[in-house]
Every structure is written in C-alpha cells, then in structure tokens.
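*Asks:* Residue numbers (our numbering), protein chains in the order written: chain A, 1 to 444; chain B, 1001 to 1531.
Bear in mind the hints are in silico, worked out from the structure with no lab data behind them. Here a beta-carbon is modelled for each residue, glycine too, at the ideal position from N, C-alpha and C. Just so you know, not all the hints are guaranteed correct.
Cβ-Cβ distance ranges computed for the label pairs, FRET-style [stated by the list, open to error]:
1) B/1517 to A/159: 47 to 53 Å
2) B/1143 to A/300: 51 to 57 Å
3) B/1489 to A/345: 37 to 43 Å
4) A/210 to B/1086: 51 to 57 Å
5) A/237 to B/1489: 44 to 50 Å
6) A/354 to B/1489: 24 to 30 Å
7) B/1375 to A/300: 42 to 48 Å
8) B/1489 to A/283: 21 to 27 Å
9) A/208 to B/1501: 29 to 35 Å
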Amino acid sequence: MTTKSNSISDPRYSCAVGATNSVVAIRGAVPIANCSPGCQLKQTAFLTFENGFQGSVYAGAGNMPSANSTENDIVFGGIKTLDELVKSTLKIFKGDLYVVLTGCVGGLIGDDVPSLVRKYHEKGYPIVAVDTAGFKGNNLYGHEEVVDAIIDQFVGDYHGKKQKGLVNLWFETPYFNQNWRGDYQEIARILRGAGFNVNIPFGPENNGVKDWRRIPKAQFNLVLSPWVGVRNAEHLQEKYGQPFLHISEIPIGGEATSEFIRNVVKFAGIDKLQSEKFIREENRIYYYYLEHFSEFFAEYWYGMPSEFAIAADSAYTLAYTKFLADQIGLIPRKAIITDDPPQKFRAELERLFHDLTEGVDVQVEFEEDGYLIEKAIDGVKFSSGKPLILASSWELTIANKKKALFFEITPPSSESLIINRSFAGYKGALNLLEKIYSASVGGK
Amino acid sequence: MAKTIINLDMTEVENREFRLGTIIGWDGKASDLIQQSAYDERSVKKHGGCAGKGLGCRLCELQSPLNQETMCSNAIVQCQIGNLTDCVLIDHAPIGCSGENSKFNLSMHNGLKRRGKPLQNTLNISTNLKEKDMVFGASDKLRRTIRDAKDRYNPKAIFIGMACATAIIGEDIDSVAEEMEPEVGVPVVPLHCEGFRSKHWSTGFDVAFHGVLRQIVNRHPEKKQKDLLNIVALWGTDYFSEMLKPLGLRVNYLLDCASFDEIRQASEAIATATFCDTLGGYMATALEESFGVPQIDAPQPYGIRGTDEWLRAIAKVAGKENEAEEYIESEHRRIAPKLAELRNFFKGKNGIVMTGSAYAHGLISVLSELGIGHDAALLFHHDPIYDGGGKHQDTLKELIDTYGDIPHYTVSKTRAFQLPQLLKRAKTNFLIIRHPGLASVAGHLGFPTLTMGDEHIPVGYEGILRVGEMLKGVIARTKFNRILKRHVKLPYSDWWLSQSDPFYLTNHPEVLDDLPRAAGKEKQELIQASA
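For reference, chain B alone in the conformation it holds in the complex (with noise of 0.2 Å):
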C-alpha cells in the first residue's frame, strides 16, 4: 500500500504550507502561477513517486510588512465543530476566543433553517481562563469545563479546541481529553487549532475533519449504504439534493449542522464530493486513504462544463451514468432561454470575485457563463494542490483552460489597503467576496458587493441562474455606494491612494524608511512646554 497523505495517528495535522505549499502573496497571471505551481510534478510526489528536482517545491511569496484584520485556524473550527447539533465544542481560552461563536450560532440558525432542521443553539463553552491561569496552568479548569459539558448538554461528543494562549503555555489538551474520555463516555477530540499555527485559517478546517475522522466516523462500518454521498460543505442550501436526485443518491452534508450519527456514518458513503476543493479535500482524501470511501475526482460542480464532469464522475462511481447523461441534456436545454437572456443582459459587464482559493475559481466559471468578464481576481490564499491531487483536481488550470486567462489574478489574505489598487487596475460593476472586512472597504470605494454567505448558491446549472438574478439586485445598488463614495473617506493618504501596485510596500521596502513627518512632533512640544 503507498504511503497515506494523511496520518490520522498523530492528533495533530499538518498545516497547509507545508503539507500543500500554501501561500498568501502572489501577484501575477493566472496562466503563470499555473506554471509556477507545478501541479503534475507535486501530484506525483503526493501519491509517493519522485518527479525529480524541480519546481514543485517552493512557490515564490510576496510578504506584506502590513497585515490586517483577518480570520484564525481556531474560528474555523468553532464555524465547523461548533456547528454541530449534538456535540459540544470547548473553548480552551480566555473569552476573546469565543467572541465570534454568536456570529457562527446565526450561521447555524440560518444552516438548519435552510437544510429543515429544527432551531438550537450552538453548544460552545469557554473555558474562560483568566491570568492565574497563564501562570499557574489551566488543565483541571478544562476538566471541570469538560464535566459541565456532560452534565449541561449530554452530547455525543466533546471537542476542545487549543487556543494561541494555551499552546503558549503548554496546555496538554491530548492527556486531558484522554483522561476524561472513560469518565464522561463519550468521544473527547483534541483539536490543534490555535491561531498562530498557520498562515492560513484554512488549516483550521483541515483540523476540524482530523478530529472527526480520528475518532468519530466509524472505522467499522457493518454496512454499506449504496445511495449515500458525502458532501463536504458549510451551511449551504441544500441544492445538491435534487441535482444527485435523477442519479437516485442522497446527501451526507459534513459538516456544519450535522449530528454525530451522520458524521460517523460517513464511512458508509459511496464516494465523497464537496463544493470546494480547498474545503473539502483533507476530509475527502482521509475517507479514500483510510476509510475505503473513494473521492470523486472531477472538477467543481460550477458552470456548465464543471457541473456536466462532476455529475459523470458521480455517475460512474453511482453506476448511472445514463441517467447522468440524460439529466446533463436536459438541464442543458431547461435553462439555455434563461441564460441567453441573462447574457444579453450582463453583456459589457465586469466582475471582480474575492474569496478562498477553489472557491474562487468555482464562482469565476459561474461569472464566465454569463458572460461577465473578469481581468481580475483576489484570493486570500493559494494552494498549489490539494490533498486529493487529483488529475481533475486542478481547479486552476481547469478555470483557465475552460474560460481563459486572467491578466490580474492576486493572491492576498484580507488586507483591505490593497483594494484601492487592485480596484483601479481593472475594470469592475461589482465584487462578490466571502470573508468579513473587504466588502464594506470596496463599497466606500463605490463598488456594490454580493457577500456570497450561502455558498451553494453558485453550484450547478441552477446556480448560474440564481447567481445571475442577484447580481442585477446588486447592481441597483451602485446607486447606494456612489453617494457613499462621495461622503466617506478610507483611512488611508493620498499618497498610498495614487500608488497602482497593490504590493508597493513589499516591493520597494525602502519607502517604509521615509516616513511622513510626525504631524503630532509640533503639538507634542506644546504639551511639553506647557507641562
């Protein structure tokens, strides 16, 4: 057997630059960081062969001196494990950390909402550690934390989540969870998420599958279940439902509002897909590489090209591949009159997508088949590979192949200072972002941006419709962002504004040692002197 990609032995996981080479600073054509990637070379060094020395090692990255707010491995878990209806996520922190769990229980609101579950709330508990705690250690808090969590919730499971300040100090979250497994008798998942530990949160949902395929999906199925597929997804609608209906499959979504019981049944899937390829592919290859459930290896479910492989690739796996064909013809035909008008009216419009990486590439099809055009593109991250490594896993090169290249395709993790570059090298109607802290700095800027919050909205034949439909709502809305233009300033100097190179602190270090005259100098002084 060739070596596993994924070692489920160790509870801890590997983060995304080192185990895919991951980075958050390119700046270039997409056709060129296709080259640089060297998707095919690293694709064999994955499955365990040798390609030889070549450019599949290291990608070039641009540093920034200036960072921005941005999100954290940690908030991604608690968005997924603290998303789940019968299983308790612990907060190994001071109160901060949880700061963000009532935005993922109005997440989880809408998620159950959407999918026909009934309303709860999250189950999340801090272990609310305080400064004692720093020095004196904080274990036998996580162990009191750990029974009231038994004793409040009974849940399936329990999860605690490492945090920057308890990976500072030490805190052995494995002993503990190990030592208080017999005692509350349900699975207790250590997981190392704190927010340091990678440059990209991304890691973070790397980390949350980890713990479930570690000790919650079942090792020992007794049984197959031949009409099960697993989707690794957020809190989407459940469109995929009725597009694997006509191959007489069923959706296994994993894992934002899933209960324990379908987490453990996901070994008895046939095969496992997601929306996203930067999402779903540690919990996909884990399930081949360990678990006998086969991925599918196809390019995302996104424009008509996209959306026809994905369903074959599912098809063959289902053994329906005529009932694929037939179902692909005729949603071709169903929304042909739809799309033509939807053409007509985009025509001469241009989008701007600002999202994770193979995301960003699913929605940027979807723009294509409206025919919206796109010169440019913000990634927060880029991942030259993905666990899978799949041949038709390259969602870049698939993009670009399919729809053609893009001149400005940046990589950058949320720094809002940079839009006002990125926004005037090319040309744009509207922005769709994902991720919190852009889209209001691109509406003072004068843009109208769809934040895509429900993120099945763009899959599938449907979802070019759907994603059309909104954005002639977002549209209208310039109306509202160029007034605000006029009346908002961004904190930023003119200076900084006139520059075209969203990376010109990072190429020309230098004018960091210029700095504007100190305007407080003079009233400093006046204090001084009057003191």
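The following block holds chain A by itself, in its conformation from the complex (with noise of 0.2 Å):
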C-alpha cells in the first residue's frame, strides 16, 4: 500500500537506546548499556558503522559493557545482572562518568534501575541512569533524555555567577549526523573567532566532565539545530535561569555564516570589533577559492547538476537545501525529512523551507518510511541532464534508476568513509562542493 503506515522499510533512525554513542562522545564517559544481547551491535552497526564508517573511540563499540539479559533475567528480573554489570565496570574501566542507559527489556518488566544507580551515586560513584527503550522514541529522543540525565543526575544544581561570552554548543546529535565532528570543530572555531569562549558537551574539542560541569556557568545556550537538543536548552533555562538561542540552520558559505555570527554576537551583545574583523578575513578566503570553483562553475562543459533531490535528517536537510538553493543556484525538486521531528516544529520548517531564497519555495515532505521516500522520489521528473540525488544508501538503487549522481549524507551510509569531514561554515561549504562536482567531473 502506498499510503502511510505504522510500517518503516529501510529505517533511518534507530532506538532511544542507541544514545549510548552520545556518551561515547563525551571524553572519557562510559556508556553501560542495560539491555539484551543485540542491541548495542545493532546501534552501533547503525550509527558508527553504516554511516560513513566513522568508527568509535574508548568505550563504545566492542567496549561497551551491556547487560545481555537472558530469560532468567526475564522472569527473575534483571537487577541481580546489573548490579554486577555496574561493579564490575567500575572495577576495570577507568571512567569520569558511567551512563546506565535501560532498553525495552528492563522498561517491560519493571526493573528498579534508578534505585540501584543512586545507591552506587550515593557511595559517590559519578553514575547516572537514564530511560531509554527502545519503542519510547528514535536515538534523537534517546539523545535528548542523556542529556537531561547527565545534567540532572550529575552536573547537578549551581547558583554561582555566569560568564560572559562562555557560551555550550548544543548542535549535531553525535555518530548520527555523521560529519559530527568535523561541524563542532568548525562552528566552535567560527564561534571562538568571533570572540565566544565555547563550551563543547561532545566530540573531538570536548574536555569530558570538567566540560559538563561548566555548562550551568555560560551565558547562554546556542542550539543550532531544527529541534534537536531544543527540549535541552528549555530544560537548563528553567534549571539554570540560562537563556537560550535557537537557529535552525546550521549556516553553510560565506553569506549564511556571517549572517549566523551576526545573529549571535547580536544575542549575546558581546563586542562587534572582533567578530566583524573575523568576518572579513575569513570571507577574504573563502571567496578566495569561490573565485577558483567560479571557474570550473562556469566553463566545465561536460554537464553538471542543476536539479536535486534531498532525503535526510531534519538539520542536514534543511542546510544543504538552503545552501545549495540560495548560494550556488541549484535548483531543490524534492527535500524529504526523515528523522520525524515532533509535530511542533514542523509549521517552523515549513515555513524555513518556503523561505528558502527569492523565486525558489519547495514543499517540504515529512516521511521515515523508506519505500514511500523511495516513491516520492521516483516520482520526480527531472528535467534534463544528471540530477543529483542526497540521500542514504538505500537510494542507490533509486539513483542508479533515474542515473543521478548521487553521495550518502545520512544514515546508513556504506557508500563512503568519513574521518574528518565539515559541510559546515566557511570551510566545510568548500568541502561540499568538492563532493558535489567531483561526482559530475570525469567520465561519468
């Protein structure tokens, strides 16, 4: 059937549980996944395999300590098992922060994990525990409930001062976006540019806990991201009485950039000298190497795209579709978000994709159901020449079809490796290029 329904082929998200790799993402935090045999290989296959073969660090992966329940677990209950799960985590691994994060199993049948969790929290064991079964949300969900617990359970309250100009990152979801650590790398150096002192909770610049518990002292919270980590940034202004800045575009190129660090810098009212003489300098090259590409942009005569098909998670979705339109002129025919975002964000990213740029307004679709994004983008007419199609592995047949280029910006991605990769900023727009027209270049 072609209509909507509870059914999901080619999945584009996994469970809340898959939060483990958000963990896995603070500096020396240690994930423990109080869940059955299967579930952290499956989110880990998902989240760091198949997207872009990103790998992982310290804990996670094969690391990770997980419960494994067995049925005796079932009808006995599965404490017994954590508790030695726990202990014997803290006996060999060296952790600043150890995360239990419970799955469907022990949410079915009833196990009292926070009550054991406070009992090693109160021996002073920086321990946290935190809900995440699986059919109580996707790994976006999961994301957002970590959060909340680390801040709660461990970061704690604080009444102290804040400083100014310190400002927490809540940005990309971590292993899912899967140029994660490339994006916190550049919008933190676009951010300490422009005069931020930047507090980062995840990836390659984060400094583990001492990071977390610097969070209450900041300014305010920059969520830049459609609606990830908004739930987050409404939680630490309550908590903390910190205001928060919401973008929904991550900016990308020259223009969306400097627009973002004005936006900012105007938020936080810190002094406009530095930033705008970070904004020259750093347009100075950037249009630098625009001024080469216009060259191939204009002259290469073997065809390139001029149309594109978009499916992926609401944040890249939205800023390559913005980018793409607004500042290179290629032309969006289908833009697909496939992380289904709580209902009340959507009218906002409608509206965004409306508003894309003067003479361009595609329709924005919401769907996670592979075979439907399938049709929908089968559906497309395009026009002439290659289109190009981005998406997730599972469109490669799709694309080799309607014979578009086509790369992966979404999970699953087995059709690239990713290291160190930024779409983001002034850097990582020059980096999307390089992807775009190196698949157009050539014999293809």
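With the hints as a guide, bring both chains together as one complex.
*Replies:* What follows is the structure in structure tokens.
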C-alpha cells in the first residue's frame, strides 16, 4: 500500500538506546548498556558503522559494557545482572562518568534501575541512570534524554555566577549526523573567532566531565539544530536561568555563516569588533577559493547537475537545501525530512523551506518510511541532465534507476568513509562543493 | 524409525544450550575440552541410544559478571532471512531492532555481486512499535505490515521475526501468521528469535532454518536433481562450484542471497554440506531426517586433509569416487610449490583465530598448513556436539588430532575486555576475527587483524593459498598498529591491564567487593557544598 501506515521499510534512525553513542562522544565517559544482547551491536552498526564507517572510541563499540539480558533476567528480574555489570565496570574501566541506559527489556519487566544506580551514586561514583527503552522513541529522543539525565543527576544544581561570552554549543547528534565531529570543530572555530568562549559537550574538542560541569556557568545556550536539543535548552533555562538562542539552520558558505555570526553576537551582546574582523578575514579566504571554483562552474562543458532531491534528517536537509538553493543556485525538486521531528517543530520547518531564497519554494515532506521515500523520489520528473540525489545508501538503487549523481549525507551510508569532514561554516562549504562536483567531473 | 533430533511440528526451536549443550565460557587446553565434551557419548544419545550416565550431560561453564556489546539471534535471522531475494522479513519490534539491517543490506549487495546476481536492496519492514503498543498489544500493526509487505514487494513468502519487546508482551505471531496466510496467499512464517532467548546468537541460524524447513522447502518433491548439492553458507564467494565441478555437481547455496525457489528445491538435492558445522548442522540434519536428503558426514573442507576427506565423502554420494581421487591428486600437485613458498614466508610466525566455533577449527587448520604457529584461540561459543552428531563431525577433535593441541583454548562470547590478557599469554603476529567489536580493540593493542568477511576465502586447497596471500598484506599493516598503540589508550584500568587471567573476575569474584575509591566523591561533595 502506498498509503502511510505504521510500517517502516529501510529505516533512517535507530532507537533511544542508541544514545549510548552520545555518552561515547563525551571524553572519558563510559556507557553501561542495560539491554539485550544484540541491542548495542545493532545501534553501533547503524550509527557508527553504516554511517560513513566513523568507528568509535574508548568505551564505545566492542568495549561497551552490556547486560546482555537472558531469559532468566526476564523471568526473575535483571537487577542482579545489572548490579554485577555496574560493579565490574567500575572495577576495570577508567571512567569519569558512567551512564546506565536501560532498553526495552528493563522497561517492560519493571526493574528498578534508578534505585540501584542511586546506591552507587550515593557512594560517590559519578553514575547516572536514564530510561531509553526503544519503544519510547528514536535515537534522537534518546540523545535528549541522556543530556537531561547527565545535567540533573551529575552536573546538579548551580547558583553561581554566569560568565559573559561563554556559550554552550548544542548542535548535531553525535554519530547520527555523520559529519558531526568536523562540524563541531568548524562551528566552534567560528564562534571562537568571533570572540566567544565555547563549551563543547561532545566530540573531539570536548574535555570530558570538566566541560559538563562548566555548562551552568555559561551566559547562554546556543541550539544550532531545527529541533534536537531545544528540549534540553528549555530545561537548562528553567534549571539554571540560562537563556537560549535557537537557530535552525546550520550555516554553510560565506553569506550564511557571516549572518549566523552576527546573530549570535547580537544575542550575546558582546563586542562586534572582533567578530567583524573575523568575518572579513574568513570571507576573504572563502571567496579566494570560490573565485577559483567559479571558473570550473562557468566553463566545465561536460555537464553538471542543475536539480537535486534530498532526503535526510531535519538538520542536514534544511542546511544543504538552503546552501545549494540560496548560494549556489541548484534547484531543489524534492526535500524530505526523515527523522520524525515532533509535530510542534514542523510548521516552522515548512516555513523555512518556503523562504529558502527568492524565487524558490519547495514543499518539504516529512516521511520516515523508506518505501514511500523511494516512491517520492521516483515520482520526480527531473527536467534535463543528470540530477543530484543526496540521501542514504537505501537510495543507491533508485539513484541508479534515475541515472542520478548520488552521494550519502545521512545514515545508513555505506558508500563513503568519513574521518574528518565538515560541510558547515566557511571551510565546510568548500568541502561540500568539492564533494558534489567531484561526482560530476570525469567520464561519469 | 528412530526419533528425530529436530521437531518440525513446533514453531519454536529448542535453544542450542539445551539441544547441544553450548557454552560461552571456558578456558584451558583444547585436548581437555575435547575430553570434557564427550562427543561420542553425546552422539550415541543424539541418535536415540543410551550411553549411560557420564560426562555427556553438562559442560562446566565460566560465567562472567562483565559482558559487552554482542550479537543476538534476532540479528542472525535478519542476516539470513533478511537476505533472501524475493521474500520479506518483518521485524515485529520497535525500530531499533532493525538498526543492523543496513549492514545486512551491504552484505547482500556484496553477496549478490559475488554470486553474479543483480543488485537489489533487502526486503525488510519494521512494524515500528511504540509505547502504546507495549500496553495494548501490536497484532493489528503486524497485520497491517503483513498487508503492506504483500502490496509493496509481492513476495513469495513473508517471515515475521520476534523481538525482545514483542516476546515479553506476549505477541502471538503464530496465530497472526496462520490467520493472514490465506489473505496474502503466500507462506507467512513465524520466527521465534527474540534476542534474550538464547545465550548464543547461533540459535538464530537454527530459527531461520526451522522456518524455511517448516514452510518453504518442498515436502514432496516430484523429482531429484542428481547433480545438485546444497551448501549451507552465508554470503561467501562461489568457490564451491569450481571444487565440485570435477564431481559433476552444481551448488545450491542456502540461505543468503537465495530465492524462494532455490530454498524450495533443497529437498531435491542429493546431499547437504556446509562450510561450517556450527552454521549448517541444523539445516543438514533436518533435511536428512525429514526430507531424505543425506548430510555429508566428513571433516570440514579446510586444510589438505579436511578438503580431501570432504571431497571423498561427497564423491561417494555422487558416485564419482575416481574423479574425486584424480582431482585431489592434481590439486595437491598444483598447490605444492606455492604452498612451500608461503610456508617459507611464514616460518616462525604465529596467529590467533577469534571466530565462532566450527569455523575457527577450519581457519586454524589453514594456519597450520601455512606453517603458522597457534598457541591460542578464542571461540565465541563451544558446541560439544552438532545436530548431525556424525562420526566425522567432531570438528575440534579433528583439528587437534591432525594439527596438534592448543594450550590456550578460550571460549568467550565477544568480551573485548579479555583481549589484553589473551594477547599477553600467547605469541602472535596477527589475528583473524569474525564478528564486530574485537578487531579494533586488538588493533589498539598493536596487532593487525584480518576480518574474514568473505567466509569462503579459506575453503579448499586454493583457500590455503588465498589466506596466505592475504596474511602477507595483514602482517604489513603491523606498522599502522604499532603507531596506534603508542597513541591510543584502552578504557581499562592499569590494574586490569596488569592481570594475566582473562577470567580473573570470574575466578576471583571477591575483587568486586573492593571497588576503586569513588573518584567523583570529592567533586560530588564540592557540588553539593556549592548548592
């Protein structure tokens, strides 16, 4: 049936317990997976392997402690198994923070995990518990749950002073957004360049629990994402009286990034001198490169795409569509958001797509069922030449059918390897152009 | 007729731990495990006889308080049934249970390419269950997804995979399957593969085979295909055809990348063989018992002796003994010079295999043929017997009798935290690993690894040479791992890294009463004080 139902073919997100990977993204933190055997391998396969083969670090992937619940645990309760797991993890792992994530099984059999974890917490171990049953939501929901749990159970209350210019960066979902490591670095570089002191909760520039303890001291929270993290910022506002700035569009390219900087500077009320100088320097370099690129763009006569279809999570779909439509002049023919954003964010997302750029309007669709996504892309009558399809590896076959240039921007992605890549900011925009037009050049 | 080992009347499979006595924790000399496994006694019992009271009841098993990321039966069903070309697998589960399907899609893409079949995506659908479904039940969603499966993909069969959540809330997939079958007009097959069900994922293979044996394989074949041999396999390259061509045989690969009709014709084949008795035992035994297709009772096709005996056993069924002897002799001659060259290259080198049980035995045979030392091995499970229980299917005994004892023979299911100890007590230049999670940890410890993704690489005579050539490249990568080791730290404490017994936590449970001082204590107090 081509009508919408509960069914999902070819999934584009995993479940809440996949947020173990958000814990892995905090330096020195150890996730403790209180779930069945298979749960974490499936999550890891989706988020860290079939997503640019990013890999994992420290206590992630194969090193991750997991209860691997058995039939015995289902019948008699799994608390004893979890207790042994927690104890042995504390015994042999070197962790600054332990996060127990409970999956479907613990939730359904009614194990009292918070009590067990509290026992260790009261002894002084830096350990928190979070309910991430897979039936409660997807990995993005799980990520937000983990953030709130660490704030409430580990960071705790704070009534001290705020530091002007210190900003917490709530941005892409670790491992899920495949360029997250590079993107965090680029956005942090930009904010620093503009004069901010940037506190980064996840990724290569995170300093572990030290940075998490710094969160309440920040002047404000910056949520750079259409919806993930907004809930956390609201919580922080309530808990620490911290205001937040919500910007839906990840800035890409000179125009958007400069505007982004000005917005954040204005919100924070810090001095403009440094940020304007930074914008000037960055733009000089960005347009130095863009001028070179423009020769290819003007003179390459073997064909290049003029239209594109995109299907990915809210953040990347919005950011890439905006950049390509507004600054490069590619025509969006289909934009599909696949990460099931909460209803209350959808009207704003629709508006942002209507206002992408002058003369271009695309009706964004919300669909997470791969069968319907494929049908939607299949239904696009691209006008001429090779179109560009930006989606997941599930779309490889439809891209072949449409004779489209294709590359992956969202999980699952099994046709590319990602180490340090960013399509965000000034530098990332140039990488994105390289990626797109490398797909066009040569004898393809 | 003797009682059957496998009961196809039931929709559920008896777990391996009960059926075979599978364990996932053991540490010692391989020859001791052979003795404790009491294969012969178990074999007598399997075939309905009485061996008296003896060892063949229960193996000692080392438990571990600490377990780590691993695989489950549900994932195994996805990698088997989810990789059929014209059947749909429904994951009756919350969405996370379908997380690995994209990886199995990649496996299928590679498998199809290796087998010369056209590229296609896997046909999987999740019922995508939410919290409400846990309370009110999810059978209506399952019915809807079965209808969607029919309308979307017009499959030849629809399989339903049970998950932890649906098993706990008591979803009756058997009834829904039975009820929906007339409506969709194709077999609807329930698979009881919830992840917590069995302590070892390999039960998932049996569940997948059980489903196709009950509802797909033709019970009343009109003809026999005298030149068709079933090979129970995964996605491996088709090396079996070239080995079996001299015997005039064609291969019917089961199950990955197979079509409905290829599975259906399994009962028309002259016999069933496999590249791995852990994988193939259930299917081969049931085909023998209930469909009259004999299984090959022979060592696995690894190393020279194993391959000789495997070919001879098949040739006997096919009536091609002379052709087999000619082929065996010519192959021995053909590989000899290259093998000598490789043995020279690997002189003084050692290797460790870390895979599932029977497959590890095959791989270690190949290392032995290459002259590579192997003082240690890690197996993710040990089956003291396989379903066939044949005279020549005691793969561990076959290995040790042919190539000598293994002093550090460890059974442990993907517990990466034990690698520092395992790699400390045995010399090695590289590791051969299947299943994710361990190879990168071994890499951090400075060792290069060969992830044997195409499981047919080591098969047969040429397989020995193929592995040898690949290992040259693997050993060269030591340079990368040496550098990595200097810069990357494992998440384990110095105390743990200083231990030498991988089962120290099991053998000294009292150490868990003595936890390191809570490092967070002071800081916690500070925070509380500031509050």
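*Asks:* Evaluate the given range 44 to 50 Å for the C-beta pair formed by residue 237 of chain A and residue 1489 of chain B.
*Replies:* Given range 44 to 50 Å: violated, Cβ gap about 37 Å.
*Asks:* Determine whether the Cβ-Cβ distance between residue 208 of chain A and residue 1501 of chain B falls within the hinted range of 29 to 35 Å.
*Replies:* 31 Å, holds
*Asks:* Does the hinted range 42 to 48 Å hold for residue 1375 of chain B and residue 300 of chain A at CB?
*Replies:* Distance hint for residue 1375 of chain B, residue 300 of chain A is violated at roughly 60 Å.
*Asks:* Take a look at whether the Cβ-Cβ distance between residue 1517 of chain B and residue 159 of chain A falls inside 47 to 53 Å.
*Replies:* Violated, at about 29 Å.
*Asks:* The hint says 51 to 57 Å between residue 210 of chain A and residue 1086 of chain B; measuring C-beta to C-beta, is that right?
*Replies:* Taking Cβ atoms as reference, residue 210 of chain A and residue 1086 of chain B lie about 55 Å apart, which means the hint holds.
*Asks:* Is it true that the C-beta distance of residue 354 of chain A to residue 1489 of chain B lies inside 24 to 30 Å, as the hint says?
*Replies:* 50 Å, violated
*Asks:* Given the hint of 21 to 27 Å, check if residue 1489 of chain B and residue 283 of chain A actually sit that far apart at their C-beta atoms.
*Replies:* 41 Å, violated
*Asks:* Using the C-beta atoms of residue 1143 of chain B and residue 300 of chain A, is the stated range 51 to 57 Å upheld?
*Replies:* 54 Å, holds
*Asks:* Is 37 to 43 Å right for how far apart the beta carbons of residue 1489 of chain B and residue 345 of chain A are?
*Replies:* 40 Å, holds
Checked against the numbered hints above, the structure violates hints 1, 5, 6, 7, 8; every other hint is satisfied.
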